[in-house]
Every structure is written in structure tokens, then in C-alpha cells.
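Asks: Chain residues, written in single-letter form:
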Amino acid sequence: MTELILMGLKTAVMPQNLLANFIGTVLGIVFGALPGLSGTMGIAVLLPITYSMAPIPALSFMIAIFCGSLYGGSISAILLHTPGTPAAAATILDGYPMAQQGRANEALQEAAISSFWGGVASVVALLTIAPPLAEFSLRFGPLENFMIAIFGLTIIASISSKNMLKGLISGLVGLLMGCVGMDAITGASRYTFDIAYLQSGIGLIVALIGLFSISQVFVLASDSKDSIVDDTMIKGVKQKRLSLRDFMLYPVTYLRSSIIGIIVGIIPGAGGSIASFLGYNEARRASKTPELFGTGLREGVGASECANNAVSGGALIPMLTLGIPGSTACAVMLGGMMIHGLLPGNDLFTAQADVIYPVMCGVFFANLFFLIIGVTCAKYFAYISRVPVYMLAPAIVVLCVVGAFAINNAMIDVYIIILFGALGFFFNRYEFDVTPMVLGLILGPIGEGGLARAIQINKGVMNAVGALFRSPICVILFALSVISIVAPLWREYKKGKKEA
Amino acid sequence: MRKDNRIAGVILFALFAYSFYMALDFNKRAAYFPIFVSAAGMLLSVFLFISGFLKERGAKDNALTGKAKLKVAVMAAAILIYAAGIEYVGFSVSTFAFLFVMMCVGYTKKLTATQTGKILLVAVIMTGVIYYVFEKLLFVPLPHGLLI
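Chains P and V supply the protein sequences, listed in that same order. Letter 497 of the first sequence, counting from 1, is numbered 483 in our numbering, and no numbers are missing. Count along the second sequence starting at 1, add 2, and that's the number in our numbering.
The set of hints was computed from the structure by calculation and includes no laboratory data. Where hints are given, some of them may not hold.
[To be verified] Here are some chain V residues the structure puts well away from chain P; computed CB gaps all over 12 Å:
#1 T114
#2 A115
#3 T116
[Said to hold, decoys possible] Derived contacts from chain V toward chain P, CB cut-off under 10 Å, selection only:
#4 I13
#5 F55
#6 K69
#7 A70
#8 G119
Note that the Cβ used here is the ideal one computed from N, Cα and C, for glycine as well.
Only chain P is shown next, with the shape it has when bound in the complex (with noise of 0.2 Å):
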């Protein structure tokens, strides 16, 4: 493995492969800072322009707008009091505080430095679990990927856990919607309108332009404000030397909110804005000084920036081993990997280890890039919150429909995505999230395909029922699946019981 590392690093510093990874962090800041935008909305946006690039600078160029976007939330949530990512929320609690008292500077410098150290580990868990766990995937057959995708689908639950009603409802669309076109197995036509495009299916990426990025544009089109935010604290930011010693100011508060970016982003559904309320939380209980949290803390910001980041590699490990799609920003990338023909599982390290080892070394200078730039110029993404929503709207529009366009070169797509942000803009006015109908969307046929392969392998449904439980991977899954479900739903429970 050492080998293939080096390997994946020698590729990585290769011009091309670098400057596809720096463009790509800089626009993934630019997204992840203007709230109201996400990295997902970038990632899917962008695709495009990664159809004519080779397999490794397309997909370092989508996982730098990821790691990015994640980076760049913090901005606007030190200077403008917004998260431009809900995984930057608990950033505010001290970053805003340092901005109002004059050291904005130090805070933004602070967000950098300790995103990138959770950047920096979760890399380093990427390229030890992953493989290992994607070899561990060989064994699983029909019955494993349909508890798989069982499994995939329970991330409704901790999605959806304020409204699971609604949650619940938006995978059933998810997992309809999977259904258009020829049935895998019996290669009946299922909700095709004698529409031959729709034979294969609807497009993943197609749907998540729409789903994300057109409905997004109906969102701003019904708000009446000139720019996102109002940007007086942005003159205010003065520029301040950085000291060596400044990079390593909290070790055992990075290590620790590492750690805990890394389990939680590996957990599907859990996220970003999960991780850095977990890593301030402990931060606070484990400070000497824990009234001095929310103040203004420069630990505070350190402590969720070095959890959201960590969440990046975390994401990517069942993603590229399993094909579970953990955020819906790695449901876009994993579109995007399947366009590039890279699918997830033990032939991606392997057969294709020369294309996934640069790729996840390259994670590393994603990561670098934006320290770099937020040590030296973060100030002036937040500018980027000044361009008016009468600007964004229709040029987000534009690259949406150029972007579907050039997935076939066909102007049925651009149909498509419009239909797709309709319904989103729908699912959003009506308090819907649309995560879980990707989900279903993703894992709906993986899951139905194993079913059915089951089935007939094991002559009958009782068989292959019987079957999943002489399974110990299945049963974990299972069990996994169960807690999945559980878990959430008990939280809330605990949750309505202490306001009672």
C-alpha cells in the first residue's frame, strides 16, 4: 500500500492534477461563502466541465470543491454572522464574537489553520480504511447489497428525524422515481410514456442539477433582497503576521475534534454540521475554561473548524468503498465518479488504483490550497456575499442549463433539470427535504436489484429470507440498519421530554 500511496502522490503534484485541485478549492470556497449556496450546489454546477478532463484532475477537482466549500462556510459565518454552510453554525459561536472584537483576522486564520489539520487526518484515515474495507467489499453478494442499500436508506432517519412523515415521503418519490426506465432484471419498461429516452432511467446528475441548483434559483427569485448579506464587518478586517507557532496552537483539541470529524463523517447521514457541534461541545468539556466558550474563543473556532473538515475524508471512505452516499454532496460526486467510469468497490483500488491513490492523496492539497489562501486572503471571499441575487439568479440558471446540456448534448436534459427544480422548489416550500429522494433516487435500484437477484439465486422469497440471516454481514447490517432508524428517533424522543 505504501507503494501505491507514493504512487498516488507522485501523480497528484503532476501541473495538471494540482491546478485542477486549485481551481477547484477556490471555487468550492467561493460556494461554500456565499450562504444560501453549498459545495453540492457547486459540485453538481461545475460537473461539466469535467466531462473533457481525465478521470484523476475530474474527480480531485469535484473533492477540492467539497473540502472547499466546507472551509468556506466559515467566512461568511465569522464575518457575517451566516454560515455559508449549515456545517460552519457552530463556527459563529466564537468567530463572530473575535470578529465584533476586532480579530476577525485571527479567527479567519484560525479557521484555516484548523480545517486544514482535520483535513490533513482525514486524509491519512482515507488512505488506511478505504482500502481495506472496499477489499472487505468482495464479499458481499446479492443479499449484502440490498442490506447495503437498506442500510443507505435508514440515513433517512437521522436526516429526517424534525419530520421523519415528510422524510419518509420525499425516499418514497426517491425510490419511484428510481424505478423509470427498463427494469434491470426483467427488462419490462416501467413509467417510460413511450419516451425512449426515459428507457434508461433518469439521469442522476440531470436530477440533482434540478433538484439543487434550479430550485435553489426559485428560492432567490422569491426573496425580495438586493445581495445576500450585509458586509459592513468585512471593511473592518485587518491583516495580521503569522507565527510559526500559530499553526499548532491547540494540538489536542485538533486531534481530538479529528477523531471525531472522521467517525462522523464515515457514519452516512450524519455531516459536517454534526461534527463541529460535537468537536466545540467536547472542546468546552474538556477546557479548563469552559465559560470562556462562546465568547470569542479562539479554541472555540479551532475546535468545529478542525471537526467540519475532518468530515471530508471521513464522507469519502463509504462512498468509494461501498457506494453509499453519506451527504448528498458525495450523492453528486459518486454521479460524477460513475461518469468518469469509475465505480465504487474493490476494483477502484485495484484495477484502478492508479486513478483513486492520486485522487485521495490529492485530498491533501485541497486541503493545503485553502490554508494557504485563508491565511493570506480569506478576507476577500467574503466580498463574494456582495454580488446581487439579481446577478446570481440567472447566471446559476445559465450554467445549469449548459450543464445539463452537455451531459448527452441533448435539450431534453435541460427539460429535465427544469422539471426536477419545479419539484424541488416545491419539496422546499412544503418543508421536504430532498435528500432523502436521492437517496432513494441512488440506492432504490441497488437495493431492488439485490433483492430480486437474491430471489432468484435462492429460489423463492422465504429462502433468500432465511438466507439474509445465515448472513453475519447482513445481520450486521441489519443491526446497523436498525440503530440507524432507532438512534434519531430516540433523540428526539429525549429531546421532547426535556422541553416538556
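Starting from the structure of chain P, add chain V where the hints point.
Replies: Leaving out everything else, chain V in the frame of chain P:
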């Protein structure tokens, strides 16, 4: 939100009921999964509808104003016209027209000559950059239609 739940419940029930009805015509083995999903969807939509009559904890009013609804409708219509325009008029002209018109429409204050000039410049530059990047650098055959 309670009224919203009732509306969403009815719409979703209709959607799932239609998909259930369609699934009945599928090949028997291909029908199991869509029938199961549609039936579950119908059931949950009924629950959602009923929840619209129950007292909600921490409910908030997020109804769109008439102006906001109009803005969304204008944006949706503009995107549809833009998409049709790409096919028949060509990508560059439609993109420029879409950007210029929508930026002017979206501007909330009174449009001055300077502001119009600024919007015009942004629309031209953006169209040019996107056309160059996708058509020339990425070799995407953007539709040319009657014009360019």
C-alpha cells in the same frame, strides 16, 4: 404549515395513486417494487393530510407573498422560454437575452442608464465566457439554431 400539509398530502396522494395504477399494468415481476413503493406513498400521504388537521408544535408561517409567487412564476416562465430559445434561436443569443432581461427584471431599484449599461456588460461578458469555455475549450456542440 397545517394547510400546507393538507395541500401536499392531496398532491402526493394523487401522484402515488397514479403510479400505483400504472404499476398494475407492468410485467408481474417488475411490478412488485413500484406497487409496494406507491402503496406506501399513498398511505403516508394520507397521514400527511391528517397531520394537517392536528395541532403542530413550533409551527411557523412560511407562506409566499403574492409578489414572491409572481417572481417565481416569471423566473420559471423565463427559463422555459430560454430553453426553447436555445433550440430555435441559438445558445448565444438566447443566453445573452435571458441574462439581460432577467437581470433587469430582478433589479429591485429604479433602473438607471448606468445600471442598464452595467447589466448589459455583465450579460455580454458572461455569455462570451461560457460560449468560449464550453464550445471552444470543452468542445460541447452548443445548439446554434437560426442565429448563433
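Asks: Is T114/V truly not at the interface, in the sense that its beta carbon sits beyond 12 Å from all beta carbons of chain P?
Replies: holds (14 Å)
Asks: Using 10 Å as the Cβ threshold, decide whether F55/V counts as touching chain P.
Replies: At about 14 Å, which exceeds the 10 Å cut-off, the nearest Cβ of chain P leaves the hint on F55/V violated.
Asks: Holds or violated: is there a CB of chain P closer than 10 Å to the CB of G119/V?
Replies: Constraint on G119/V not satisfied, violated at 14 Å.
Asks: Non-interface claim for A115/V: all C-beta distances to chain P beyond 12 Å?
Replies: holds (17 Å)
Asks: Can K69/V be said to touch chain P, with a Cβ gap under 10 Å?
Replies: holds (7 Å)
Asks: Have a go at the I13/V hint: is there a Cβ in chain P nearer than 10 Å to its own Cβ?
Replies: With a closest approach of 8 Å, the I13/V hint holds.
Asks: Using the nearest Cβ pair, does A70/V come within less than 10 Å of chain P?
Replies: A70/V check passes; min Cβ-Cβ to chain P is 4 Å, inside 10 Å.
Asks: Would T116/V pass as off the interface with chain P, using Cβ distances and a cut of 12 Å?
Replies: holds (14 Å)
Violated hints for the displayed structure, listed by number in ascending order: 5 and 8.
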